[in-house]
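> As a plain string of letters, each chain reads:
There are 6 protein chains.
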Amino acid sequence: MQLHDLTWPDVEDYLQRSDGLMIPIGSTEQHGPSGVIGTDAMVAKAIARETGVRSDLLVGPLLSIGVAEHHMAFPGTLSLRPSTLIALLQDYLHSLAQHGFRQFFFINGHGGNIATLKAAFSEIQTGERERGGQRPLRCTLVNWYEVAEVVRLRKQYYGDQEGRHATPSEIAVIQYLRPDLIRKQPLPPPGPLQSEVQGAADFRAKYPDGRMGSWPDLATPAQGQVLFDAAVRGLAQQVPTFFSEGG
Amino acid sequence: MQLHDLTWPDVEDYLQRSDGLMIPIGSTEQHGPSGVIGTDAMVAKAIARETGVRSDLLVGPLLSIGVAEHHMAFPGTLSLRPSTLIALLQDYLHSLAQHGFRQFFFINGHGGNIATLKAAFSEIQTGERERGGQRPLRCTLVNWYEVAEVVRLRKQYYGDQEGRHATPSEIAVIQYLRPDLIRKQPLPPPGPLQSEVQGAADFRAKYPDGRMGSWPDLATPAQGQVLFDAAVRGLAQQVPTFFSEGG
Amino acid sequence: MQLHDLTWPDVEDYLQRSDGLMIPIGSTEQHGPSGVIGTDAMVAKAIARETGVRSDLLVGPLLSIGVAEHHMAFPGTLSLRPSTLIALLQDYLHSLAQHGFRQFFFINGHGGNIATLKAAFSEIQTGERERGGQRPLRCTLVNWYEVAEVVRLRKQYYGDQEGRHATPSEIAVIQYLRPDLIRKQPLPPPGPLQSEVQGAADFRAKYPDGRMGSWPDLATPAQGQVLFDAAVRGLAQQVPTFFSEGG
Amino acid sequence: MQLHDLTWPDVEDYLQRSDGLMIPIGSTEQHGPSGVIGTDAMVAKAIARETGVRSDLLVGPLLSIGVAEHHMAFPGTLSLRPSTLIALLQDYLHSLAQHGFRQFFFINGHGGNIATLKAAFSEIQTGERERGGQRPLRCTLVNWYEVAEVVRLRKQYYGDQEGRHATPSEIAVIQYLRPDLIRKQPLPPPGPLQSEVQGAADFRAKYPDGRMGSWPDLATPAQGQVLFDAAVRGLAQQVPTFFSEGG
Amino acid sequence: MQLHDLTWPDVEDYLQRSDGLMIPIGSTEQHGPSGVIGTDAMVAKAIARETGVRSDLLVGPLLSIGVAEHHMAFPGTLSLRPSTLIALLQDYLHSLAQHGFRQFFFINGHGGNIATLKAAFSEIQTGERERGGQRPLRCTLVNWYEVAEVVRLRKQYYGDQEGRHATPSEIAVIQYLRPDLIRKQPLPPPGPLQSEVQGAADFRAKYPDGRMGSWPDLATPAQGQVLFDAAVRGLAQQVPTFFSEGG
Amino acid sequence: MQLHDLTWPDVEDYLQRSDGLMIPIGSTEQHGPSGVIGTDAMVAKAIARETGVRSDLLVGPLLSIGVAEHHMAFPGTLSLRPSTLIALLQDYLHSLAQHGFRQFFFINGHGGNIATLKAAFSEIQTGERERGGQRPLRCTLVNWYEVAEVVRLRKQYYGDQEGRHATPSEIAVIQYLRPDLIRKQPLPPPGPLQSEVQGAADFRAKYPDGRMGSWPDLATPAQGQVLFDAAVRGLAQQVPTFFSEGG
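Chains as they are written, first to last, in our numbering: chain A, 21 to 267; chain B, 21 to 267; chain C, 21 to 267; chain D, 21 to 267; chain E, 21 to 267; chain F, 21 to 267.
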């Protein structure tokens, strides 16, 4: 169920049986010469949507822009300052807390968001405590690509050529979700991983075409479907478990 | 063209011929007993997408959460503080300005966003001036429901029963875009418009089911299609005109 | 009655009979070659003061600096970032709410303030709601130059040469209020209105002497008096009406 | 000269001969049972205005609301959070720096503003430095009641009964400036000064009628005129001296 | 070398040979019934100091307060909102960048700081990029307890009873550094680890005495010395390596 | 007693007998050619520590970075924006207020912090009042070098050559506390005091070696001990007195 597809009386009904909401969060950033800029957002949204269907739980609107400073030397990338994303998450969660939602499960598609999400959870819990709230908001996040079965599949399919950005696994999921976006031009094998990136210019100097040690050409739509299903299966277990702990 | 569907080299190519981008902005808010919470966001996104196709211009990611304080007494509504939305718009536009975009045309689906969008344009232009930018960012907004032909059709189709919120015109567009979301239960005719609303509780006291003088039951998918096409036709003229003035 | 002219026991007495306050807000910005920089502030202040006298209602201190980014290419203009004005309005209203004021009627002299005022109203109402306030603060604004009778007179006196900035109507009110400031040097007729202004440099490029299609030379002190009286008469009706709705 | 009374070409001319501006800042706060709420603002404004006349230097718009948390238990008091006043001062000075003003002399009427003004000067100079400005903005403040001759007169006229708030000296200046505001009801002699005030409730507990050890009944309009003239004479020397040091 | 122990000419000399600085960051938070509140700060400071000695590199002032919301139900804990810590880190690093420092190696003693540190690095790099800085600031962090040899020793010494908070390893280092603080009263063995903590009240409900599955009684000063030396040895290699990459 | 040296049950016990805490605050800034950068922080910390011992009252963690914009033209200086320090102080005090602390006595080592500390006290008290707190937080500050007996000794020892920055009195206390940091190279006598400093570049232009009219060579460790003892004796009286007033 998508919050956007419900009426307000539907939400009132939902709150009778659950105070939990899933929130997909992605990024709008370069994904190499063949990966589309919306990759992280589209994948997080689709996985959350399907997880909502299978678990009969509600999904809130996608946060499609994340923290992507490292990718800012490539045209088309958007990046939020972490303090902006913290403010945005405060408003998102405080709005829902007003209606009775207390539990939030973020389904994340971009590693660069993790630090700011965790910082925001802390900032929100400080605010709740200072206002004297009796029951704190409960927040957690899972990166879809770190669901156990997905990790196993990524290794099996792509081994070392999975890399760290513009990975064949995420490209494969996009190929499954959006076959119209498949690019045919072959890419050379990836260069090696470099030392820790420091800022946008450094990223582009170390990884001139935007990939981090990945070979997206290995991706196939069929693998994408398997990866997608594995992520959804894993999350459709984890999300209800998390919500039941806070019940 | 959707920014999310492009690779970064595609964006590099686009910037050779245009420095303009459309940005759809909606809201996540109650739309009466039969209208879905994502109405403003879905309509703005779909109209921007189709305008992008017809005008061969780029569309950035949807801003699906707006300023909806007035609707916060109805479950499911999200609202950003205006200062948060200003910060978010700063980061969105500054990111794109880094890549060479200079012109931004917001396609807006929610009246409550207008004030904050205009405030943000001013704040962004102050920032640009203080940093000594040579060419200012150009920003404008159009509400899709105020495109001239759309205004005419809304009057023709619904007259006084168009109302001011959860209007049959926006419901009709959703019926056209998402027939799966059509609700069948009939609503009573709308009550009269009240004096100016002051905050969330006052809104609900004055408009207990969330409609503001509107009768969404008048909506049909066929009207929705006509309204949608009129909005796109109008915008497919206005957007390129705006961008050419700043060229 | 001016808040500044009362003692604190006077205010305590006033609160026995009203929880409403008028707030004049103007701007400090260029008004063409013959209009003074304080025009918007002086006019708003004088109209609010006289409205207070006629309606026996209290007037708070003038906000003399507004949002005037568009005029920043002309020396002497001051402009607040919208986020600063929102913070200032929060403190102004929260201070008064502490004492029991609940209703605020802004008498505005500058179009550039409208968006930020409305954004601030929303931000303040969000804050009130989150703190759990039982009765929300009520806020509204009226531009003195849009009082119905003032609109009629502006058209009658100046027709198309009223223009949009440094208008003969506001110059006339200043001539009435401050005859010592009347400038005698004749100006040429105004140039035509241009397309939407984008930032300070663009404003000056389009309107090199600071006027927007206006011919201030048409102004007379006698017209200024008529305009002033019309604004006050209109507001002396609207303000008590607004306050009584919230009673 | 008042900035509000000039046109933009007048300001352009002024900048040929000076880059300095005086800024009056007061407060909107209780001044005991017989002192008006606008005392600090009115006095600062009038002294700055007359200093401007005598020194032929420009005076910017009054900041009429200051930091007055200690007085918030008395109706009618307004108080800005220091962080708000810092933001407001940044925008005020940055706007003028855009036009070429580099020197700012604050004429202050309220002790509670001093800390925040000094903090703002530091914050503004940090900002200027980080933007790489070649010549820093120069800022200083003088409290009119601490001009040497004013200090002497206050002691001579009122001795120990000058007190620390709602003092006969400031009441006297208001009596001189605004004889219409003179209150006749006699007050009892002041109680003793108490230990350091901690917040608004503590202030009212220690000083129930709002005075801090002062006896405003001693004030006369004639004394007010002498005090006013002494302040202006002192400032008409200090202001040009300060500006010439930065020339 | 401690920055605090140098004169400014000493720093000028240092900058001739290095643009790198170590920054210790800890926390002020409960460490169970026998661990002192300053544990994380003291350990980080001492390890950084000794690493500075061995590597002949400079150490900046300790950040002794971190993000410790989870521990706020225990008296004595301090916690910064992440947005405050981001602002503090911006000022710390921007100040040093003014003098020519470009590389910052944080030696961290508290897991709760990691997310905010990483968010701050991103926010700082965005700011640098937008100001047009040619060479970005380089920032990294290492948790002393995750230095490889320290990880090995913790497992060897304490096995499962190391736990996750108020661990014997950190208590041991404090015992080595500050034998005067050794507490003698025996604690019961630790309870089991619980599901993910959600806020301060939840932490105390799950871990009533403040330990997370740890048995601090296992700690000895001799182990503390070995752990301390292992951390310093590891860092005395990592820090110069990091700085040399950015040279 | 140092908060850092206690366990949380110790703090629980302390709160049974006192709700007061001392907080040392210094600065990290140049202190001339022979004074170390940590002077203000080390002195404030040591005096607070010893005052805590003698008065049996608790001392919170040192704030070692202050507002030092004026010194930013000398390498090694750190400076917080006042708004950052206000935020930091809010979090510091709000954290402790959560546990029951209500009274805070700042022992300050740097004149540049005073304005921001006072602004922060006001901002914190506004926040407390708006949240409806029954008993306000009580805050005060004393500069150790302005304790009466210290003032007398400074005049006696150094007369006019005490100066205003990098003074022999603070150097002497450091010599007493840290004999290992004593510098031997002789400095020339100080130049004269200049007109009010305006920003970092102006400071260095007026005081090229960082001293403000001071001759640190006059300092001896023995004097440092006397000064230190005088400061502690004075504070060991003032702190308990302040706390008892708020009891």
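Everything labelled a hint here was simulated from the structure, so no lab data went into it. We put the CB at the ideal spot given by N, CA and C, even for glycine. Treat each hint with caution, since some may be false.
As the list claims (entries may be wrong) - Okay, the calculated beta carbon distance ranges per label pair: (1) C/D33 / D/G120: 47 to 57 Å; (2) A/L213 / E/Q257: 33 to 43 Å; (3) F/D200 / B/G153: 29 to 39 Å; (4) F/P228 / B/Q36: 50 to 60 Å; (5) B/G120 / E/G211: 37 to 47 Å; (6) D/D249 / C/A242: 49 to 59 Å; (7) B/Q36 / A/G211: 21 to 31 Å; (8) A/G211 / E/P208: 27 to 37 Å; (9) A/E216 / F/Q257: 36 to 46 Å; (10) B/D76 / D/D33: 49 to 59 Å; (11) A/D249 / E/R37: 32 to 42 Å.
Unchecked claim - With a cut-off of at most 35 Å between alpha-carbon atoms, the simulated DSBU-like pairs for lysine-lysine come out as follows: (12) A/K226 / A/K175; (13) D/K175 / D/K226; (14) E/K175 / E/K204; (15) F/K175 / F/K204; (16) D/K175 / F/K204; (17) C/K175 / B/K175; (18) B/K204 / B/K226; (19) B/K175 / B/K204; (20) A/K175 / E/K175.
Said to hold, decoys possible - Anything over 12 Å on all C-beta distances counts as not near chain B; from chain D, calculated: (21) D111; (22) Q118; (23) R151.
> Does the Cβ-Cβ separation between B/Q36 and A/G211 fall within 21 to 31 Å?
Distance hint for B/Q36, A/G211 holds at roughly 27 Å.
> C/K175 and B/K175 were given as a pair; does the straight-line alpha-carbon distance stay at or below 35 Å?
Within the cut-off at roughly 28 Å; holds.
> Going straight from one Cα to the other, do B/K204 and B/K226 come out at no more than 35 Å?
holds (25 Å)
> Quick one, are D/K175 and F/K204 close enough, alpha carbons at most 35 Å?
Not OK: D/K175 and F/K204 at ~50 Å, beyond 35 Å, violated.
> Starting from the hint 49 to 59 Å, judge whether the C-beta atoms of B/D76 and D/D33 obey it.
holds (51 Å)
> Could you tell me whether the CB distance from F/D200 to B/G153 stays inside 29 to 39 Å?
violated (52 Å)
> Would the pair A/K226 and A/K175 pass a check requiring their Cα atoms to be no farther apart than 35 Å?
Answer holds: A/K226 to A/K175 is near 24 Å, not above 35 Å.
> Is F/K175 within 35 Å of F/K204, Cα to Cα?
Cα-Cα ~24 Å, so holds.
> For a C-alpha distance cap of 35 Å, please report whether D/K175 and D/K226 respect it.
holds (24 Å)
> Within 32 to 42 Å: is that where the Cβ-Cβ distance between A/D249 and E/R37 falls?
violated (57 Å)
> Look at the Cβ atoms of B/G120 and E/G211 and judge whether their distance stays inside 37 to 47 Å.
Given a distance of about 58 Å, which is not inside 37 to 47 Å, the answer is violated.
> Would the non-interface assignment of D/R151 survive a Cβ cutoff of 12 Å against chain B?
Since the minimum Cβ distance to chain B is about 8 Å, D/R151 lies within 12 Å and the statement is violated.
Checked against the numbered hints above, the structure violates hints 2, 3, 5, 6, 8, 9, 11, 16, 21, 22, 23; every other hint is satisfied.
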